[in-house]
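Chemist: Could you put the whole structure together from the sequences, leaning on the hints where they help?
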Amino acid sequence: MLETLKQPWPWYVAGALIGLTVPYLLLVGNKTFGISSSLRHVCAACMPGDIKFFKYDWKKEIWNLFFVGGIAVGAFIGAQFLSDPDPIVLAESTQEYLATKGITDTAQLLPSEIFSWDRLFSLRGFIFIVLGGFMVGFGTRYGGGCTSGHAIMGLSSLQWPSLVATVMFMIGGIVMTWTILPFLLTL
Amino acid sequence: MEHKFQHTPTPQEVADLQLRELDSLCVNESELQHPWWHNLKYSAWGILFGIVFVKAEIISWFRIQEMFRFESFHMYGVIGTAVFVGLISVQLIKRFNVKTVHGEVVHIPNKEFNKGNIYGALIFGLGWAITGACPGPLFAQVGAGFSVVLITFLSAVAGTYVYGLFRDKLPH
Chain P
130 MLETLKQPWP
140 WYVAGALIGL
150 TVPYLLLVGN
160 KTFGISSSLR
170 HVCAACMPGD
180 IKFFKYDWKK
190 EIWNLFFVGG
200 IAVGAFIGAQ
210 FLSDPDPIVL
220 AESTQEYLAT
230 KGITDTAQLL
240 PSEIFSWDRL
250 FSLRGFIFIV
260 LGGFMVGFGT
270 RYGGGCTSGH
280 AIMGLSSLQW
290 PSLVATVMFM
300 IGGIVMTWTI
310 LPFLLTL
Chain C
6 MEHKFQHTPT
16 PQEVADLQLR
26 ELDSLCVNES
36 ELQHPWWHNL
46 KYSAWGILFG
56 IVFVKAEIIS
66 WFRIQEMFRF
76 ESFHMYGVIG
86 TAVFVGLISV
96 QLIKRFNVKT
106 VHGEVVHIPN
116 KEFNKGNIYG
126 ALIFGLGWAI
136 TGACPGPLFA
146 QVGAGFSVVL
156 ITFLSAVAGT
166 YVYGLFRDKL
176 PH
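Protein chains in written order, with the numbering used here: chain P, 130 to 316; chain C, 6 to 177.
No lab work stands behind these hints, which were simulated from the structure alone.
Careful, some of the hints might be misleading.
What the hints assert, rightly or not - Stretch by stretch, here's where chain C covers chain P in the computed footprint (C-beta under 8 Å, at least three residues):
hint : region
1    : 131 to 144
2    : 186 to 200
As the list claims (entries may be wrong) - Quick list of simulated restraints, FRET-style, between CB atoms:
hint : chain 1 : residue 1 : chain 2 : residue 2 : range
3    : P       : Trp-307   : C       : Gly-82    : 15 to 23 Å
4    : C       : Gln-17    : P       : Thr-315   : 52 to 60 Å
5    : P       : Leu-134   : C       : Lys-99    : 33 to 41 Å
Said to hold, decoys possible - In silico lysine-lysine, DSS-like type, Cα no more than 25 Å apart, as pairs:
hint : chain 1 : residue 1 : chain 2 : residue 2
6    : P       : Lys-189   : C       : Lys-104
7    : P       : Lys-188   : C       : Lys-120
8    : P       : Lys-184   : C       : Lys-174
9    : C       : Lys-174   : P       : Lys-181
10   : C       : Lys-120   : C       : Lys-174
11   : C       : Lys-46    : C       : Lys-99
12   : P       : Lys-189   : C       : Lys-46
13   : P       : Lys-181   : C       : Lys-120
14   : C       : Lys-46    : C       : Lys-104
15   : C       : Lys-120   : P       : Lys-184
We put the CB at the ideal spot given by N, CA and C, even for glycine.
Modeler: Here it is as structure tokens:
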């Protein structure tokens, strides 16, 4: 049993469990699934300043912070006790492409050539770690949600603005991957 | 995005709800009051969620690369299945008028379109391909031991903050 759990889980198991988050949250507490809101609640809780967008009763949304806290704990459990000792099995074409950019360490979930404290203060590290994070935080809030709020919750409840947003962030990701990222990886 | 209060709300309550609803799909206005530890049921599901994130390699930068390079089905399978299961669930809840465990009517706020759904989502997508993580995986990567992602997370909070700061000047 444990050996099976330690193998990488197939997409349909993961997808089904993630999809079940929608009815779980709705039926347990009338909550709608969305993760990027947590970033806003952190702002509202820690530094609302004089900004209207952050001056609300964040404690009413505190369940969201409990949820994302759980995600971090669950990831810790997954990585510590259920981790697969083998490197991640990548599509060969992706692996070959990344090797041409000097990304060869697939032992972990993130490439150590980019995401490490040593690299943080290089130009590439700054772009991937700091600038990328900024764009994710700014873009999700401006866009009104992320993969969970728009692609999963929004599409599940047939909201067309969420379809627009989902199409737009997929386009953004594809454009970045095929046009700018090849250059950024060489920095 | 109207919400029907079951009691007569005070003007403050209405104003606060409207403010939280601003550009967010994720507003919750259950009228029930619970002690704090009721929130642990969200933590419990979050823990399961985090394990799934790690074990299906959804938080892997490599998997996101594969997805955007169209070289693997994995992430499309995950997201597609999740939407399918979510869609069926929401339809069943609506069709059979399933109530919450506390007997409340399930309420899903309607999302109103604004231009942020275009510009903001595009910026998010550009960033997603760089970090290889949307907001959920950021929490999971930190939990899984990639401590440098704390910086990515703080940058994401900063990005959200800057949006709030300049919100009135941005096209919506």
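Chemist: Decide, hint by hint, whether the structure agrees.
Modeler: For each hint, the structure was consulted:
{"no.": "1", "hint": "131 to 144", "result": "holds (count 9)"}
{"no.": "2", "hint": "186 to 200", "result": "holds (count 12)"}
{"no.": "3", "hint": "Trp-307(P) / Gly-82(C): 15 to 23 Å", "result": "holds (22 Å)"}
{"no.": "4", "hint": "Gln-17(C) / Thr-315(P): 52 to 60 Å", "result": "holds (54 Å)"}
{"no.": "5", "hint": "Leu-134(P) / Lys-99(C): 33 to 41 Å", "result": "holds (35 Å)"}
{"no.": "6", "hint": "Lys-189(P) / Lys-104(C)", "result": "holds (21 Å)"}
{"no.": "7", "hint": "Lys-188(P) / Lys-120(C)", "result": "violated (29 Å)"}
{"no.": "8", "hint": "Lys-184(P) / Lys-174(C)", "result": "holds (18 Å)"}
{"no.": "9", "hint": "Lys-174(C) / Lys-181(P)", "result": "holds (13 Å)"}
{"no.": "10", "hint": "Lys-120(C) / Lys-174(C)", "result": "holds (13 Å)"}
{"no.": "11", "hint": "Lys-46(C) / Lys-99(C)", "result": "holds (23 Å)"}
{"no.": "12", "hint": "Lys-189(P) / Lys-46(C)", "result": "holds (16 Å)"}
{"no.": "13", "hint": "Lys-181(P) / Lys-120(C)", "result": "holds (20 Å)"}
{"no.": "14", "hint": "Lys-46(C) / Lys-104(C)", "result": "holds (17 Å)"}
{"no.": "15", "hint": "Lys-120(C) / Lys-184(P)", "result": "holds (23 Å)"}
In the structure shown, a violation is registered for the earlier hint numbered 7 alone.
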